[in-house]
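Heads up: the sequence lines are chains A and B, in that order. Counting in numbering that gives the first Met the number 0, the first sequence runs from 0 upward without gaps. Counting in numbering that gives the first Met the number 0, the second sequence runs from 0 upward without gaps.
The hints are simulated quantities; they were obtained by calculation from the structure and are not laboratory data. Careful: at least some of the hints might be erroneous.
Said to hold, decoys possible - Computed beta-carbon distance windows for the label pairs: (1) Asp142(A) - Thr531(B): 40 to 46 Å; (2) Lys511(B) - Gln145(A): 54 to 60 Å; (3) Val615(B) - Ser144(A): 21 to 27 Å; (4) Pro50(A) - Arg185(B): 54 to 60 Å; (5) Trp107(B) - Asn129(A): 20 to 26 Å.
Here the structure is a predicted model, which means the values were calculated and not measured. Note that beta-carbon positions come from the ideal geometry of N, C-alpha and C, so glycine has one too.
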Amino acid sequence: MKKSNIIMFIAAILPLGLFLFPLWKITLEAPQYPTPLGMYIHINDFSDANPHDIKNINLMNHYVGMKYIPEAIPEFKIFPAGILITTVIGLIIAFKGNYKRFLFWFILMMALSSAGLYDFYIWEHDYGHNLDPKAIMKFTNPDGSQMGFQPPLFGSKDILNFRAHSYPRLGALFLGLGIAVSFVAYFVGKKKKKNNLNMQT
Amino acid sequence: MKNLLKSIVAIVSVSVAFTSCNNATSSDSKSGALAGNVAEKVYVAPGEHDEFYAFVSGGFSGQLAVYGLPSGRLFKVIPVFSQDAEKAYGYNEETKPMLNTSHGFVPWDDSHHPDISQTEGVIDGRWVFINGNNTPRIAKIDLSTFETTEIIEVPNSAGNHSSSFVTENTEYVVAGTRFSVPVPQRDMPIKDYKGNFKGALTFISVEPEHGNMDIKFQLIMPGFDYDLSHPGRGKSHGWFFFSTYNTEEASTLMEVNASQNDKDFIAAVNWKKIEEYVNNGGGTMMPANYAHNVYDEATHSATSTMKKEVLTVNPLDVPGAVYLMPTPKSPHGCDVDPTGEYIVGSGKLSANLTIHSFTKMLDAIENEKFAGDAYGIPIIEFEASLAGVVEQPGLGPLHTEFDDKGNAYTTFFISSEVVKWKVGTWEVIDRQPTYYSVGHLMIPGGNSRKPFGKYVLAMNKITKDRYLPTGPEVTQSAQLYDISGEKMQLLLDFPTVGEPHYAAGAPADIIKPRSKKLFNLEDNEHPYAAKTEADTKVVRDGKTVHIYMTTIRSHFSPDNIEGIKVGDKVYFHVTNLEQDYDVPHGISIIGANTSELLIMPGQTETFAWEPKQEGVWPFYCTDFCSALHQEMQGYVRVSAANSNTPLRWSLGEDIE
Chain A
0 MKKSNIIMFI
10 AAILPLGLFL
20 FPLWKITLEA
30 PQYPTPLGMY
40 IHINDFSDAN
50 PHDIKNINLM
60 NHYVGMKYIP
70 EAIPEFKIFP
80 AGILITTVIG
90 LIIAFKGNYK
100 RFLFWFILMM
110 ALSSAGLYDF
120 YIWEHDYGHN
130 LDPKAIMKFT
140 NPDGSQMGFQ
150 PPLFGSKDIL
160 NFRAHSYPRL
170 GALFLGLGIA
180 VSFVAYFVGK
190 KKKKNNLNMQ
200 T
Chain B
0 MKNLLKSIVA
10 IVSVSVAFTS
20 CNNATSSDSK
30 SGALAGNVAE
40 KVYVAPGEHD
50 EFYAFVSGGF
60 SGQLAVYGLP
70 SGRLFKVIPV
80 FSQDAEKAYG
90 YNEETKPMLN
100 TSHGFVPWDD
110 SHHPDISQTE
120 GVIDGRWVFI
130 NGNNTPRIAK
140 IDLSTFETTE
150 IIEVPNSAGN
160 HSSSFVTENT
170 EYVVAGTRFS
180 VPVPQRDMPI
190 KDYKGNFKGA
200 LTFISVEPEH
210 GNMDIKFQLI
220 MPGFDYDLSH
230 PGRGKSHGWF
240 FFSTYNTEEA
250 STLMEVNASQ
260 NDKDFIAAVN
270 WKKIEEYVNN
280 GGGTMMPANY
290 AHNVYDEATH
300 SATSTMKKEV
310 LTVNPLDVPG
320 AVYLMPTPKS
330 PHGCDVDPTG
340 EYIVGSGKLS
350 ANLTIHSFTK
360 MLDAIENEKF
370 AGDAYGIPII
380 EFEASLAGVV
390 EQPGLGPLHT
400 EFDDKGNAYT
410 TFFISSEVVK
420 WKVGTWEVID
430 RQPTYYSVGH
440 LMIPGGNSRK
450 PFGKYVLAMN
460 KITKDRYLPT
470 GPEVTQSAQL
480 YDISGEKMQL
490 LLDFPTVGEP
500 HYAAGAPADI
510 IKPRSKKLFN
520 LEDNEHPYAA
530 KTEADTKVVR
540 DGKTVHIYMT
550 TIRSHFSPDN
560 IEGIKVGDKV
570 YFHVTNLEQD
580 YDVPHGISII
590 GANTSELLIM
600 PGQTETFAWE
610 PKQEGVWPFY
620 CTDFCSALHQ
630 EMQGYVRVSA
640 ANSNTPLRWS
650 LGEDIE
């Protein structure tokens with residue numbers, strides 16, 4: 000087996016780390032929470048950083064009219080399927096394909112990951128802006144518009160008395176690494192091909 | 000010439016005397032300047048934690064208070080033997096059984112001597128045991144919840160005072176009677192006390208994993224007053240020592256008549272030997288009647304069971320198990336040093352401290368160095384077990400604890416001081432005044448093989464002018480001394496809840512990690528729990544109504560209830576659905592003839608309400624829970640006894 004195919008094989012396997020480790024984490028800090036509230040986003044689940052955190056996030060959020068974080072969302076079915084399918088495709092081209100296919104897989108993964116991030120952003124926006132009109136506390140921005148409570152997609156942000164942090168976790172690293180390695184596989188494959196051509200001439 | 004020389008010598012010596020006098024003054028003023036450091040030593044910055052927990056009994060308050068050392072800050076008053084309206088202890092339906100006794104519901108007691116459980120002679124921080132003096136009881140407090148979880152009544156006992164000290168693996172918690180009484184109780188002339196009254200020393204076994212208490216046996220001793228006790232440890236593990244007074248067996252004008260003998264006794268009890276005797280079927284089962292009350296953390300409820308018999312042991316039936324060591328005069332404290340070799344008797348009417356040697360005691364027993372017997376129990380010759388005497392250390396010695404450097408610290412009630420002395424050489428090293436009339440003292444781990452000798456806490460009986468006055472009844476107080484150096488240094492006075500009678504302490508690190516944050520709702524097995532708002536309901540059973548209610552920020556479910564009638568007995572069973580640290584909710588309703596409830600996250604508590612008038616009566620959350628606490632309220636409609644108002648309940652919608 001060619002070196003580039005071995006690298007591609009590794010690239011295709013790496014995203015499976017998403018089934019072992021969380022994709023993202025949102026943390027909410029406030030003085031009354033010496034242990035911050037936190038939620039892990041897995042590819043197929045939401046989970047508490049510490050026991051009962053999601054319940055307590057929901058309790059906090061109901062004061063400003065935010066919906067409860069759902070037990071399950073459609074993405075929990077779509078994302079795992081997507082990862083499994085792309086892994087299979089990745090493995091097939093690792094065994095059979097040449098370096099040009101590696102680039103295809105790289106582009107495919109970039110596109111799907113971007114779509115996933117966009118989907119996450121849309122959900123977050125809805126979660127932070129689609130508020131109950133009977134909310135206990137209503138806040139407005141200085142310009143008079145309704146204040147939103149959307150956590151940042153990436154980074155840290157102050158939301159009322161909380162400071163919210165949103166950062167990728169180990170699962171996302173595995174995915175990103177898989178994508179990056181496929182690009183490496185493409186380059187290694189391309190270089191080898193070029194060398195072979197040179198030797199033939 | 001000779002005279003000149005003499006006068007020169009005189010001048011020199013006088014000036015030396017003055018100089019040294021000046022030196023003394025300057026060193027005094029230096030210690031005055033150092034006083035700034037004293038504040039630093041007890042200062043625990045905002046948000047920081049204390050180094051030690053101190054569990055200080057409340058004496059006649061019947062409770063146990065939890066303080067931090069060195070700051071002296073009060074964290075919690077744990078209700079034990081007295082009702083506590085703040086926490087609903089003894090008021091709510093779940094904890095009322097905790098205060099049940101053979102005399103019925105007893106809502107008060109006099110809590111005296113807390114002791115922390117031990118493993119291999121070292122404090123393990125699992126439970127605190129404490130005695131109720133008046134209606135003899137032993138309580139166990141679980142240090143994962145800081146709540147009283149078990150109380151066992153002690154039969155054949157009265158003035159449960161030489162209690163509640165644990166053996167070095169918490170095999171037993173020991174409860175000795177202060178007042179001897181007829182055993183079993185019966186109608187008889189008081190003047191026939193002598194020879195007829197008995198003193199029961201009770202050994203309560205502690206199940207190693209869950210701590211369940213059970214009376215293993217009662218040793219029925221002569222009718223003395225058994226004042227204090229302590230376990231042997233290390234080499235003397237397996238023995239227990241009890242101080243006695245009133246060996247005169249007087250029953251009236253005790254202050255005179257019980258103070259006539261030059262020496263009373265420290266009774267040495269080989270409990271291992273008696274345990275073996277009992278395990279082999281020894282002892283006499285005697286009819287009795289005493290309550291055993293157990294709080295179950297899963298059901299959040301206590302049950303009370305009346306026990307009907309107790310195993311008694313006559314000391315004469317177990318040869319070699321009990322000896323008496325003469326100790327001058329009416330000894331109070333009976334304290335065993337960390338090695339287990341020395342037993343310190345504080346003869347409270349004596350000018351000296353008497354120290355017995357465990358090794359010499361065993362030798363005296365082996366060589367039968369006896370000076371007679373009391374009711375058949377051998378009396379060891381005074382000199383035979385005597386290790387030494389601390390000569391004239393002060394007036395009115397009461398109690399001794401030990402540090403980890405071979406020093407002992409004894410309180411003197413009459414001369415109002417703590418005296419530090421050296422174990423083995425018996426020499427006095429230092430003395431510091433207390434303000435005023437110190438009773439017991441405490442060094443964390445001071446009743447174990449491993450004391451943490453950084454501080455000693457002295458607990459005073461009188462404060463007089465030490466604090467801002469509050470009318471005739473002034474605050475009670477304790478005082479903290481630094482004992483890390485050769486000399487003791489007074490660091491802090493702090494007020495206490497009730498009489499700070501006795502204390503036990505431990506490094507915070509041993510206890511803090513075990514402290515629970517909340518109760519898991521899913522583990523709640525209370526028969527009337529509603530674990531979600533969907534489970535809430537109101538059920539009528541004749542004139543009894545059960546409300547299955549929940550609380551979560553910031554509402555009750557249900558919060559509108561109709562169909563209650565005058566003459567009903569309404570039980571509010573309230574489950575706190577919160578699962579967040581430090582979010583209790585409270586509840587009470589107008590006219591309730593009981594206390595509020597204070598319900599921890601995941602817990603269910605119940606109060607009963609008997610409405611006496613028609614009307615619409617509000618209830619509300621009594622613990623400031625959230626920004627919408629003030630909105631956390633509801634109504635109960637009470638109709639006439641013969642009305643037809645249907646039973647209905649709701650949350651967030653109009654009842655119809």
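Next item on the list: Determine whether the Cβ-Cβ distance between lysine 511(B) and glutamine 145(A) falls within the hinted range of 54 to 60 Å.
Entry: violated (45 Å)
Item checked: Status of the given 20 to 26 Å range, CB of asparagine 129(A) versus CB of tryptophan 107(B) -> violated (58 Å)
Notebook entry, point to check: Does the hinted range 21 to 27 Å hold for valine 615(B) and serine 144(A) at CB?
Noted result: violated (42 Å)
Next item on the list: Can you let me know if the beta-carbon spacing of aspartate 142(A) and threonine 531(B) is within 40 to 46 Å?
Entry: Hint holds: Cβ distance 41 Å, inside 40 to 46 Å.
Item checked: arginine 185(B) and proline 50(A) - C-beta distance against the hinted 54 to 60 Å -> 57 Å Cβ-Cβ, so the 54 to 60 Å window holds.
Going through the hint list in order, the structure does not satisfy hints 2, 3 and 5.
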